[in-house]
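**Q** Residue-level listing of the chains:
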Amino acid sequence: MLTYIAKRFVMMLVTMFIIITATFFLMHAIPGGPFSFDRALPPRVEAALEAKYHLDKPLMQQYLDYLNGILHFDFGPSYIYFGQTVNQMIADGWPASAKLGIASTLLILVFGVPMGIIAALNRNRTPDRVTMVISTIGVVIPSFVLATFLLYFFSVKLEWLPTFGVETWQGYILPSVCLAVGPICGIARLARSSMLDTLNQDYMRTAESKGLSRGRIIFAHGLRNSLIPVTTSLGVTFAALLTGTFVIEKIYAVPGLGRYFVYSITNRDYTAVMALTIVSSAVVLVAVFIIDILYVLIDPRIKLYDQ
Amino acid sequence: MALSGNKLLEVDNLRTSFFTFSGEVQAVRSVSFNLERGEIVGVVGESGSGKSVTFLSVTRLLPAAGKITGGKVRFDGEDVLAMSHTELRRLRNSQVGMVFQEPMTSLNPVMRVGTQIVERIRAFNKSVSRRQARARAEHLLEMVRIPEAKTVLDAYPFELSGGMRQRVMFAIAIACNPKLLIADEPTTALDVTIQNQILRLIRGLRDETNASIILITHDLGVVAETCERVIVMYGGMIMEEGLVDEIFYQTAHQYTIGLKRSIPDVNNVGGDRLFSIAGTPPSLIDPPKGCPFYPRCDRAMRVCVEHCPPYFRLSPTHRSMCWLLDPDFRSRGGAL
Amino acid sequence: MSETHGGDIIKDWTPLAPDEKDAETTSGVTTTYWQDVRRRLWRNKLAVTSLLVIILILLASVFGPGLTGKTYDAQQLALRNMPPRIEIQTAADGTNFFIHPDLKVFLANADGLVTEELAPISAKLKDKVFVYKYNGGTYYLNFAAGIKFEDENHQPLPQKKIVWNKNYVLGTDSIGRDMLTRLLYGGRISLLVAFVVTICTLLIGVLYGGVAGYYGGNIDIVLMRVVEVLMSIPSTIYIILLMVYFGQGIYNILIAMALTAWLGMSRLVRGQVLSLKEQEFVLAAKTAGVSPIRIILSHLLPNSIGPIIVSATLSIPGAIATEAFMSYIGLGVRPPMPSWGILSNDGIGAIRSSPYQILLPSIAISLTMFAFNFLGDGLRDALDPRLKD
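As given, the protein sequences belong to chains A, B and C, one line each in that order. If you're matching positions, the first sequence starts at 172 in this note's numbering and goes up one per residue. If you're matching positions, the second sequence starts at 273 in this note's numbering and goes up one per residue. If you're matching positions, the third sequence starts at 3 in this note's numbering and goes up one per residue.
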């Protein structure tokens, strides 16, 4: 088991490294550089700026400097907001994003799996049909489209919830719901079909033939097996969740990293884009890694398969 | 709790159907038999004969689409079909043990073997401590001749071979000293050398605990070796029933004769074609109104198409459902 | 159970002739696999409806923009932010007015065609009243508390009616462009991106996965390791990076999306080929001496095409969503070219004042995605009914 975890850890580091390198060279390959705005700067000013930001050094040197910086958690200065470092931007932005992310994740865990299991246990009866209809809609509709509809109904028409900003905690409700709906519905469907599959398995019949109580059969035998495919999909779900925050934060004006990301992209603030890419990827990769560990705990057969 | 003589199990006119999109599949169409304590009975038939469904019905372990549509089942004097859910669980837990056909999939893959045995022991008896239950589980594994029982207790099913898994199934089945053990094709998925061990295990269990054993199989050879009585099923009904010697040496049904002929002959190395009974099992959605076997029977007569034969007795222990046994037929000079 | 024979039935002891026994009849008409598939799909009402919806959307996107009589980038600033349903107020003398939220007054005809703007006689913001004279009558546009249009006696006009906007059936956006044309053209772009990306995915993915699966061994290991590493990078981030590098534009987004989408398909195809290779009918074909090409074409491909088609169909909604997402954050198609994502981005700011501007593209996206999704589900059920619940 330890070798499995170690392997996954190394993979994570390798992937991070690839992302950092790719991001760096991609950004530096953009023609024109960060200082060629719409208005051309006088060459001397441009040269001075470049020297200040070390852009006149050879590329490999810049790369190594950048790597060095990352190891010390220094992402460099912002090219747009002169005088501010990207670190400061990240420090400003991550609390709101973290709160949003945690709220969404809680919603997903609390609602997603139970919905699917309850649907499977009540197959073809009302709870099942209702769940299937809701989850089909929720899975397909993109989060920003859903955000539009929710914003329109709850904020504009009914005026129950604030349209934007997170001064009060109510401000987090609509965005986290928007983010969570897609994954909740996806996981519910997966949990349902997984549970139905499990219920059909021979070992469930064996469990019943032993005279065990219904509760024990479902929870001790059925649940763990059903959760295996669900856990596998959590990694992808998390990645989708994270990228969803970019748009949701923009729509709901949540002052988090996602919004910064979008601004940086639109304004071509390259260091910020690089840094935020790396930070986002890191978050996803760490989450996937944790999920991988969870997976090993749930399914003892993985030791066998991974050899 | 009433006792009715010595009979452990009484099944009377049992009918079970599966309700599917294509219609009602009558898997069991009137099955009646009794089981004494301590006897080993073999139930023989092809796939689709209803042999497994009969015993799933006895413990009411049918899948969702299956329903018992008629008849009576009495276990140790009690009406099984009228039992509440809890009474049924108790029946399954401590009175009846079942071993299923597929050892590869009948055990929960993410639960340790020991846990799967212990949970049965403690299901109705929380006063048994975990340690005591584990000790008993270990003893059970030894009873079924599993080496290094202590290690196997903590193993996962995927770490065991097919033969060992099947033995674990047996250990689980007898964990609470059941009065009846139902083994549904316990050796079919295993190779022949293991088969022998399993059969010896079965006989040993009966000898040690005086449990009754139902051995469901399609293999007459297995029956000959292990069983005292035999029930032959076809098309959801019992064709012939008798002591093992009667079935083999005084065979009274064309189907049984066909089954016997299908056993490959060790001495026939020459290259004659293997015998198989021509034809396919009947449709259970639209079962024939006469004898279920007539389309494949060499001796079929018009009466077989029109009327389902009753049982004719050849001895107190031997009966068969065949018009060839009708005295009217015999008296016209007809021979079996 | 009776053990005596019933004495009152007639027993005919005549032996049966072999042909009377029909021991081996099989019932039912045999059909081919694809006939079954078509039948099952046809029976699925939801899938069939979705297919019709998709065809309609396709036709509308392809032919629609030419038929509306307007282009997607022509601006009519005076008529900007006009909703699809407008209120026409009629004065006592039959003159129809349309009051624009930007505090402009237009003349119109009774069923919603706005003709020309009426210039005010006096327009002092301070007074919160504009004065108009037309056809001998005096009118006041009073916006002290809400916007009110009054006749010379400061009374509201006798008749008010809400009608469809005849100039712009679905209204205009914030700089006066026709929403209908932009919506239809946006459909063209979004669907184009989705289809092209899916086709690239199919081509690259099937080739890559097929090679990996068929040859197995070291080739498979190497090819799949590459895919694994690439897949561990969240794809949206990947696309964002590429788009920042490429810059906006429809070809760029096509390339960026195609570069990421094939990964999943290649894994699917490889899995299919691997499992099929081991199946007995392939072994039987090989034993019978069938050439590898024929094996691939008539055994491997037809059997794997089912899941491939399903996966492709179900990836279309994802591609539409990704393109919309990219355009929404400003990394997709370059304005003024519309796509549904761009329309959403344009419209979000006006959600309070002109909600139709964002509701229309949102509904379009949702509808299209649902349709492809239900069609994909229907295809999956039709191709392998065992997977159905």
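Everything labelled a hint here was simulated from the structure, so no lab data went into it. One or more of the hints may lead you astray.
Below, in silico cross-link-like pairs of lysine-lysine (DSBU-like), each with a Cα-Cα straight-line distance of 35 Å or less [as the list claims (entries may be wrong)]:
1. K344(B) <-> K422(B)
2. K328(A) <-> K163(C)
3. K328(A) <-> K126(C)
4. K126(C) <-> K168(C)
5. K72(C) <-> K328(A)
6. K344(B) <-> K13(C)
7. K422(B) <-> K339(B)
8. K126(C) <-> K532(B)
9. K328(A) <-> K279(C)
10. K150(C) <-> K328(A)
11. K561(B) <-> K422(B)
12. K422(B) <-> K398(B)
13. K47(C) <-> K13(C)
14. K13(C) <-> K561(B)
15. K47(C) <-> K339(B)
16. K328(A) <-> K128(C)
17. K328(A) <-> K168(C)
18. K339(B) <-> K178(A)
19. K328(A) <-> K288(C)
20. K135(C) <-> K178(A)
21. K532(B) <-> K561(B)
Short derived list, chain A residues pointing at chain B, Cβ under 10 Å [stated by the list, open to error]:
22. Y175
23. K178
24. M182
25. P248
26. T339
27. D373
28. R376
29. E379
30. G382
31. V450
32. P471
To give an idea of the chain C side of the interface with chain A (calculated C-beta under 8 Å), a few residues [as the list claims (entries may be wrong)]:
33. V228
34. V231
35. L333
We put the beta carbon where it would ideally sit given N, CA and C, even for glycine.
**Q** At a threshold of 10 Å, is the proposed contact between G382(A) and chain B supported by beta-carbon distances?
**A** holds, 3 Å
**Q** Taking 35 Å as the top limit, are the C-alpha atoms of K328(A) and K168(C) close enough?
**A** Holds - the C-alpha atoms of K168(C) and K328(A) are around 27 Å apart, at most 35 Å.
**Q** Under 8 Å, Cβ to Cβ, is where V228(C) needs to be relative to chain A, so tell me if that hint holds or is violated.
**A** Given a least distance of 11 Å, the restraint on V228(C) is violated.
**Q** Given the hinted pair K532(B) and K561(B), is their Cα-Cα distance within 35 Å?
**A** Measuring from Cα to Cα gives roughly 26 Å; hence the hint holds.
**Q** Given the hint that K328(A) pairs with K279(C), test it: the Cα-Cα distance must not exceed 35 Å.
**A** violated, 59 Å
**Q** K126(C) and K532(B): Cα distance at most 35 Å?
**A** violated, 111 Å
**Q** Please work out if K422(B) and K339(B) have their alpha carbons no farther apart than 35 Å.
**A** Violated - the C-alpha atoms of K339(B) and K422(B) are around 41 Å apart, more than 35 Å.
**Q** Given the hint that K422(B) pairs with K398(B), does the C-alpha gap stay at or below 35 Å?
**A** The hint holds at about 22 Å.
**Q** Can P471(A) be said to touch chain B, with a Cβ gap under 10 Å?
**A** Hint on P471(A): holds, closest Cβ of chain B at ~5 Å, below 10 Å.
**Q** Is K339(B) close enough to K178(A), meaning Cα to Cα at most 35 Å?
**A** violated, 52 Å
**Q** Does K328(A) sit within 35 Å of K150(C), going by the straight-line distance between their CA atoms?
**A** holds, 22 Å
**Q** Is the interface hint for K178(A) satisfied, with its Cβ closer than 10 Å to some Cβ of chain B?
**A** Where the cut-off is 10 Å and the nearest Cβ of chain B is about 21 Å from K178(A), the hint is violated.
Consistency with the previously given hints fails for numbers 1, 7, 8, 9, 11, 13, 18, 19, 20, 22, 23, 24, 25, 26, 31 and 33, ordered from lowest to highest.
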